[in-house]
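*Asks:* Sequence:
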Amino acid sequence: MRRRIRQAVLFPLLLALGCGDGPAKTAEPPRQAPAGQQETARAEGICKEHGVLEALCTKCNPKLAAVFQAKGDWCEEHGFPESVCPKCHPERGGRPSVDVAGDEAPADGTMVRLKSGDTARLAGIETVRAVPGRGVSEIVAPAVITYDPSRVAQVNARSPGVVKQLQADVGAWVREGAPLAIIESASLSADQSRLDAVRSRVRMAEVNYRREEELERKGISSRKEVLAAEQELREARAESEALAASLGVVGADSGSRGRYVVTAPLPGIVTQRNVSPGRFVDPHETLFEIIDTSTMWAEVAVPEEALGSVRIGGPVVITVNGMEGREFRGTIAQLASFIDPQTRTAKARVRLANPNGLLRANMYGQARIATGGSRSSAAVPPGAIQRAKTAQVAFVRLSPNEYETRRVQVAPTRGNDGLVEVASGIVPGEDVVVAGSFFLKTETLRDSIGAGCCPVDMEK
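Sequential numbering from 2 applies to the sequence shown in our numbering.
Incorrect hints may have been included.
[As the list claims (entries may be wrong)] Pairs of lysine-lysine residues, derived as DSSO-like cross-links and limited to a Cα-Cα distance of at most 30 angstroms, are as follows:
1) Lys88 with Lys49
2) Lys116 with Lys60
3) Lys60 with Lys49
4) Lys88 with Lys60
By construction, these hints were calculated from the structure, which means they are not laboratory data.
Based on the provided sequences and hints, a complete structural model is requested.
*Replies:* Printed below as a string of structure tokens:
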């Protein structure tokens, strides 16, 4: 708490002193803009009256003039820093040229020098030594969990009829072949009657065929009559087998006239039930949806520029939002043959085992795809990384009063130790700032009064 209070007091003091370099210039008090304009300017960070960044406005804060004059960044004609002079550089809008790019991070290698070793202590600056990272080259890409399409079953009625009984509901886990519903069907009853008649015909054809064979042996019947009886038997048997197979597909129980059982085609969870008892259904309707969640897909959006390093069968580690510390491992099973024209990514599918049901469809996460190469990397605490829009920076201590800005590329959180792996910008063994880095960042930003150009003395 004492460190926070000290910083809160010292930062305004630093702003007022302008790094403590050079004499303060006198100037007439600036005119006050209307209240509405002041609020707009404050929101944009621009001095509405003079058209430059408020933090760099030497008209409103004349003490800053000496700072910029000392570094040679001064427009004598207009009384502004040359880098932001709204008269000489109207295209910059009162901001340094680097600001036009929209990058809020300081340039790589920007130095911050403190006037004494005690300044770091007063600013609450603390460092830790970067340790070696895993060093495995990998691609990081967003992922979303989906069902395995081959393990999703849409269960339809096999014959039109009326639902007499339901034997499964939404959320229930069912085994393969488990009964889901019993349906009473008039067309099924008609087919069963046809089957009975055809079976009687088969029995009669068998008796007739045996009689014709006996008569042929006695010389009473001709061979032609025997062949005709045989043909009749074959046709009757074929019709009987076809009807029996059709009824078997429907799921008719020989003991239940006009009824059949709808069964589960695979083990899984019932996710939809679209019928109720007494409703008439036909084969075009989906009665149930069953999904086997023991295996899930992770659909990974692989950036176009990384596709050359991705291959089918390559190992992938998936982490899911809301399940910190858990990793799901799989391999790339499919890789799209086209690029999404909007996102410029290709979809890769990773099959993941899900025996405990932790993974659910539409969960979002992150995929780490190993590319088979290796690189040197460092691991640091998350507090060492400062973010500024699209850039990430860290500060490395070179000496007790000298710090260097490093732009870094950060990989996902490294395991359960909470460290962040830095792919570039920091090497193992360097002392990285983990507390007080925000103070150093303010000294390097373009809208900071010193912009890293002058020593910082917090002991005044």
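*Asks:* Need the list of violated hint numbers for this structure, in ascending order.
*Replies:* none
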